[in-house]
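*Asks:* Just so you know, the sequences run in chain order A and B. In this text, residue positions in the first sequence follow UniProt numbering: the first is 1, and each later residue adds one. In this text, residue positions in the second sequence follow UniProt numbering: the first is 1, and each later residue adds one.
Hint data in this document are derived by calculation from the structure and do not stem from the laboratory. Quick reminder that beta carbons are idealized off the backbone N, C-alpha and C, glycines included. Some hints could be false.
One side of the interface only, derived from the structure: several residues of chain A facing chain B at Cβ under 8 Å [what the hints assert, rightly or not]:
| hint | residue |
| --- | --- |
| 1 | Gly-114 |
| 2 | Pro-160 |
| 3 | Gly-234 |
| 4 | Ile-237 |
| 5 | Asn-268 |
| 6 | His-269 |
| 7 | Pro-270 |
| 8 | Arg-275 |
| 9 | Thr-282 |
2 protein chains.
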Amino acid sequence: MDNENTQDLITIACLQFEPRFGDVAGNVDRTIAMIERAADQGAQIVVLPELANTGYIFRSRSEAFRLAEAVPDGPTSKAWAEVAARRGLIVVAGINEREGDQLFNSALIAGPSGILGVYRKLHLWGDENLWFEPGNLGVPVFATPYGRLGVAICYDGWFPEVFRLAAAQGADIVCVPTNWVPIPGQMEGRGPMANILHMAAAHSNSIVIACADRIGTERGQPFLGQSMIVGHTGWPIAGPASADTEEILMATLDSGAARRARNWNTFNHPLRDRRTDVYHATLGAEIRTGQAFSAATGRQQE
Amino acid sequence: MDNENTQDLITIACLQFEPRFGDVAGNVDRTIAMIERAADQGAQIVVLPELANTGYIFRSRSEAFRLAEAVPDGPTSKAWAEVAARRGLIVVAGINEREGDQLFNSALIAGPSGILGVYRKLHLWGDENLWFEPGNLGVPVFATPYGRLGVAICYDGWFPEVFRLAAAQGADIVCVPTNWVPIPGQMEGRGPMANILHMAAAHSNSIVIACADRIGTERGQPFLGQSMIVGHTGWPIAGPASADTEEILMATLDSGAARRARNWNTFNHPLRDRRTDVYHATLGAEIRTGQAFSAATGRQQE
């Protein structure tokens with residue numbers, strides 16, 4: 001039976017936050033205070049920015065290393081897990097993660113029953129390549145009381161593959177801790193291109209995407225703010241937020257709507273319509289030849 | 001040597017056109033007249049809408065079959081090839097293609113030296129599934145005097161895989177003959193989501209995307225117009241056009257700019273940064289198990 005009237009309402013909060021570089025204890029205290037306020041307003045899923053516990057602009061690997069922590073045994077993980085358990089919500093928050101001698105630009109996923117896992121940023125931006133290892137845990141999807149969650153961090157959002165792989169594994173909501181920075185050619189008074197990318201990804205997968213950006217200028221680097229929660233149609237249902245103020249951005253949605261809406265008509269469903277035969281054949285040629293290859297003509301090109 | 005001053009200027013025209021259903025000879029004549037006007041204005045690449053020779057709303061397969069033609073031997077192909085040769089330009093135009101007893105929703109690519117090939121729509125929308133075969137020529141990239149061209153048709157644009165595969169094979173410009181229709185949840189006075197999708201695809205691949213949409217209402221079905229040419233930064237460089245008027249939309253660009261701009265910084269390039277290791281591993285699981293699979297946890301999900 002297909003009862004269109006069933007629904008579970010979920011409230012998501014994106015915390016647009018400004019970390020103070022290097023003040024891990026202070027940052028964690030301030031994120032806890034914001035999480036508490038979001039919980040008071042009914043939030044069940046709370047998303048914090050990328051590297052929310054340390055700040056972003058490291059000047060050396062040793063500095064990044066000194067500020068990193070293990071997951072789940074470090075103090076930041078414990079504090080976020082404690083508030084998630086106490087308030088009965090999901091926290092998805094960016095953390096500078098150390099495992100042995102490796103650092104990862106990660107997101108902790110903590111829930112009412114404890115830490116669910118960690119996502120490690122797959123696509124590193126700029127000097128992150130000097131401090132962090134590329135993510136080695138794939139595109140995980142986490143089962144939670146409030147739906148199936150995927151995670152992407154900042155530059156991951158430039159790769160539609162990430163959202164597609166999360167959706168193909170059943171993700172209802174992709175949480176995006178981020179530190180968006182200005183990129184040449186993107187602004188022209190028209191808002192961040194990042195907003196456009198995440199609207200497109202939400203629409204073309206019929207998923208919800210919750211982007212929590214930071215604000216402020218750190219060691220000369222400005223960040224864009226303009227956090228948003230995008231509904232499964234691709235239009236923002238909360239935000240974009242301001243470019244320069246800490247804010248709690250909230251939206252309440254029917255958890256079943258995105259899955260139902262994916263049946264676009266008698267014939268079409270954006271995940272089932274994928275031509276994996278063609279994609280894999282073309283990607284296979286890419287792998288075999290180590291270079292670009294025209295599937296139709298058989299001609300190799302640059 | 002890396003001389004930033006070299007450039008080849010290319011002028012692209014998107015012809016926002018209204019076919020009259022079933023009037024193939026009349027439609028082709030009117031497209032030729034528009035192509036001539038675009039050529040007079042300096043166009044080197046001309047894009048026409050999807051199914052520009054026949055119209056879109058077939059009521060039966062036999063009707064679609066009766067209106068279909070072979071490529072390159074049918075009269076529509078010959079007419080478009082003739083104007084392309086005579087005016088020295090590339091024509092990318094939607095055609096109802098017949099091959100034996102099969103029909104394809106195709107785009108003809110004709111150039112100064114003859115017909116370069118055909119693209120067959122990979123992802124069929126709605127009742128197209130009753131008339132057409134899914135495209136069987138993959139994601140071809142065509143070498144032309146004005147750069148390397150990929151093609152996508154309408155609903156193909158909902159699949160970022162198509163633009164990625166074209167870009168990975170070296171496409172500079174993806175031409176999009178389209179017949180965008182309103183989709184529930186997409187409008188709300190904010191323009192077509194299709195515009196957002198193609199802006200995201202242009203930006204995240206650093207390619208130019210030229211979308212030529214039709215206008216008008218055919219057999220009760222309205223179309224959206226709002227054709228546009230998107231630059232490699234993701235922002236429109238021409239359009240969006242009107243929703244209801246035939247227009248020639250033109251843009252001139254440096255053919256080398258998109259390729260150069262892909263080097264975003266010392267570390268980043270949107271095509272080279274792809275984590276094909278992760279994508280293929282996850283896709284491999286999808287293929288092996290026939291269902292969704294969480295790469296990180298090993299847990300299978302719905």
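*Asks:* Against this structure, judge whether each hint is valid.
*Replies:* Now the hints, each set against the structure:
1. Gly-114: violated (15 Å)
2. Pro-160: holds (4 Å)
3. Gly-234: Hint on Gly-234(A): holds, closest Cβ of chain B at ~5 Å, below 8 Å.
4. Ile-237: violated (11 Å)
5. Asn-268: With a minimum Cβ separation of about 6 Å from chain B (threshold 8 Å), the hint on Asn-268(A) holds.
6. His-269: Violated, because the Cβ-Cβ distance from His-269(A) to chain B comes to roughly 11 Å (cut-off 8 Å).
7. Pro-270: holds (6 Å)
8. Arg-275: This hint holds: Arg-275(A) lies near chain B, its Cβ roughly 5 Å from the closest one there, short of 8 Å.
9. Thr-282: holds (5 Å)
When each numbered hint is compared with the structure, violations occur for hints 1, 4, 6.
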